[in-house]
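Could you build all of it, start to finish, from the sequences and the hints given here?
Here is how the chains run, residue by residue.
Number of protein chains: 2
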Amino acid sequence: MTGYAPLEALLTVGGPELSRLLHRTESRLAQVAETHGRELGGHVTHTLSAGGKRLRPMLVFLCGGSGAGEDLVRAAVAAELLHMATLVHDDVLDGAATRRGRATVVAAAGRDAATATGDLLFSRAFAELASTGREEAVAVLSQASSALARGELLQRADAWSDSVGEERYLERCELKTARLFEAACRLGALLGEPGPEAADALGSFGLRVGIAFQIFDDVLDVSGPPERTGKPRGTDLLDGTVTLPLILARRRDPELRDLDLRSIVTEPAQADALCDRIALTGALGEARELALTYVAEAKAALSDLELDDRRREALDLVADGVVERYA
Amino acid sequence: MTGYAPLEALLTVGGPELSRLLHRTESRLAQVAETHGRELGGHVTHTLSAGGKRLRPMLVFLCGGSGAGEDLVRAAVAAELLHMATLVHDDVLDGAATRRGRATVVAAAGRDAATATGDLLFSRAFAELASTGREEAVAVLSQASSALARGELLQRADAWSDSVGEERYLERCELKTARLFEAACRLGALLGEPGPEAADALGSFGLRVGIAFQIFDDVLDVSGPPERTGKPRGTDLLDGTVTLPLILARRRDPELRDLDLRSIVTEPAQADALCDRIALTGALGEARELALTYVAEAKAALSDLELDDRRREALDLVADGVVERYA
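Protein chains in written order, with this note's numbering: chain A, 1 to 327; chain B, 1 to 327.
Quick caveat, the hints were computed from the structure, so don't treat them as lab data.
From a predicted model like this one, the values you see are computed outputs, not experimental measurements.
Careful, some of the hints might be misleading.
[To be verified] Simulated DEER-style distance windows between Cβ atoms:
#	chain 1	residue 1	chain 2	residue 2	range
1	A	Glu171	B	Thr45	19 to 25 Å
2	B	Pro226	A	Gln31	43 to 49 Å
3	B	Ala107	A	Glu171	24 to 30 Å
4	A	His23	B	Lys231	49 to 55 Å
5	B	Arg20	A	Gln31	37 to 43 Å
[As the list claims (entries may be wrong)] Covered stretches of chain A, as calculated for chain B (at least 3 residues, CB under 8 Å):
#	region
6	35–44
7	86–99
8	117–123
9	126–139
10	144–156
We put the CB at the ideal spot given by N, CA and C, even for glycine.
Written out as structure tokens, the structure is:
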């Protein structure tokens with residue numbers, strides 16, 4: 001849980017209850033690995049213990065409030081497991097060597113092991129949530145899983161494209177990232193204090209926070225600095241992933257529009273140079289502005305909800321936090 | 001549902017109710033594909049409509065009997081979806097071109113699409129079963145999924161090995177195949193007429209039927225004939241998968257024991273020749289005998305259960321059927 005600036009503030013607002021719930025989530029994630037044999041269990045542990053911001057569990061808890069504690073932990077664990085499952089399979093397809101500073105499963109143990117590990121994480125995510133006995137909750141996660149798979153396909157279909165526009169990019173952000181944020185918030189509503197009648201508003205909050213998160217992630221890939229983000233600049237460009245900064249920069253710089261990404265970005269130094277060029281157009285500021293618009297919309301989605309002040313403050317902190325971070 | 005000899009007999013014994021349940025399973029499988037976008041939905045449809053014996057759904061229904069119809073259909077669909085999910089990912093790892101006479105998803109649409117399709121099928125399997133609201137049923141499927149993943153790893157770890165023995169082979173059969181057969185039978189018991197108290201006996205039946213099924217599958221790979229099995233002989237040998245016929249043949253023919261599989265089987269004609277050589281040792285008969293032992297054990301596992309004659313006859317037919325088939 002490093003690199004996420006608002007965490008400390010959140011834990012102050014969320015109080016000991018939030019800390020306790022997050023702690024129970026970690027314990028449960030560690031347990032999940034234990035019953036799958038030595039090799040597979042090892043890969044699952046390796047994946048789950050790599051950490052991350054645990055942003056999806058946090059959303060479950062902040063939206064869920066107090067009440068129905070055990071079910072909220074199950075939902076938080078399920079959302080994180082689904083997220084991890086997609087990361088493990090993404091790394092297989094990308095042949096990625098490291099994630100969060102440690103070797104990926106595919107790099108450490110090969111494609112077979114990583115595919116099996118991801119499959120297991122998918123299964124466990126749903127088994128965990130099903131243990132709440134709440135069918136409508138499982139349906140929410142299932143829809144998010146479908147969106148994730150479609151988003152992944154969209155991203156790969158659009159790789160190296162010179163014609164991806166803002167609308168298509170935002171659709172991808174929604175499918176690939178924001179729908180699981182939405183699901184986490186909906187699960188919090190369904191299984192926690194707010195109840196089903198608050199699920200749409202909280203879901204809408206989560207969706208917009210998710211889009212802002214993804215846009216800002218894509219800004220960080222271009223802006224760096226690497227010593228803060230923990231990865232070289234332009235990683236997406238090297239993969240051929242066309243993100244908002246490049247889309248906006250192409251509008252502002254006609255020469256950029258005519259460049260064939262595949263031919264000019266073949267090594268890290270070139271990606272770094274292209275990042276500088278994108279930054280020079282002012283595209284990063286424009287992208288940040290759009291992310292902030294989604295943050296504002298997210299907060300506005302909560303306006304009709306009856307929330308105690310502490311909860312509203314915490315949700316606002318999360319929304320602001322996704323565009324005030326480095327990792 | 002072609003190539004499965006006992007099907008007609010089963011449908012006669014099972015009557016119109018079994019036909020109706022299998023028909024509802026097909027309809028539901030077709031529906032599952034519909035809400036995942038055009039591309040992904042297409043791949044899912046392609047996978048699910050390729051058919052197969054629907055042996056796992058059949059086991060759910062035959063063990064479940066009448067009663068709780070909708071939940072049994074959900075369990076049948078879930079078991080088949082989980083099976084399909086593993087096939088799609090296996091094909092990715094193997095780079096397989098065809099399955100059941102049509103192009104695999106990976107061959108038709110690439111690794112990205114096939115990985116996403118498999119992920120989606122995993123998710124849908126659990127969502128489908130969770131819709132029964134029966135937590136213990138989801139736990140059964142989750143354990144089977146874990147076993148499948150471990151079995152897959154075991155198979156790949158043992159590829160090309162010259163030291164895999166019978167015990168290790170049987171462990172792999174159990175994990176890779178039989179545990180899902182067991183789960184299908186347990187689900188039938190839990191959600192159908194027999195109830196939880198019959199789950200162990202029916203699960204034990206399913207496990208042994210599953211092991212017999214896998215052994216006989218491995219015999220067919222060596223014995224052919226290709227015009228009946230629909231694939232060339234020795235496909236497993238070409239993949240380096242060491243199965244019971246080879247293990248037994250190595251015991252009987254010292255020269256076979258000293259052969260390095262990787263160097264002598266590099267093309268289909270060589271695999272075919274090795275199949276002849278394995279057959280000459282008498283290993284196929286011995287392997288068939290072992291499969292028949294498991295079939296007998298499966299039937300014996302039912303002896304203490306109170307079953308009406310028709311149901312017992314149908315379950316015996318399934319058990320006999322796995323070693324009297326070509327596909």
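Here is what the structure says about each hint:
For the pair Glu171 of chain A and Thr45 of chain B, the beta carbons lie near 22 Å from each other, so the given range of 19 to 25 Å is met. Pro226 of chain B and Gln31 of chain A have their C-beta atoms about 48 Å apart, which keeps the hinted 43 to 49 Å range intact. Separation of Ala107 of chain B from Glu171 of chain A is about 28 Å and conforms to the stated range, judged on CB atoms against 24 to 30 Å. At about 52 Å, the CB distance of His23 of chain A to Lys231 of chain B agrees with the hint of 49 to 55 Å.
Taking the beta carbon of each, Arg20 of chain B and Gln31 of chain A are about 42 Å apart, inside 37 to 43 Å as hinted. By the rule of at least three residues with a Cβ nearer than 8 Å to a Cβ of chain B, the coverage given for the region 35–44 of chain A holds, with 5 such residues. Taking a C-beta to C-beta cut-off of 8 Å, the region 86–99 of chain A contributes 4 residues in contact with chain B, enough for the three needed, and the coverage statement holds. Figure legend: the region 117–123 of chain A, annotated as covered by chain B; annotation consistent (6 residues with Cβ-Cβ distances under 8 Å, at least 3 required).
Only residues whose C-beta sits within less than 8 Å of a C-beta in chain B count toward coverage, and the region 126–139 of chain A has 9 of them, enough to reach three; the restraint holds. Here the region 144–156 of chain A counts 8 residues with a CB under 8 Å from a CB of chain B, which clears the bar of 3, and the coverage holds.
In the structure shown, no violation is registered for any of the earlier numbered hints.
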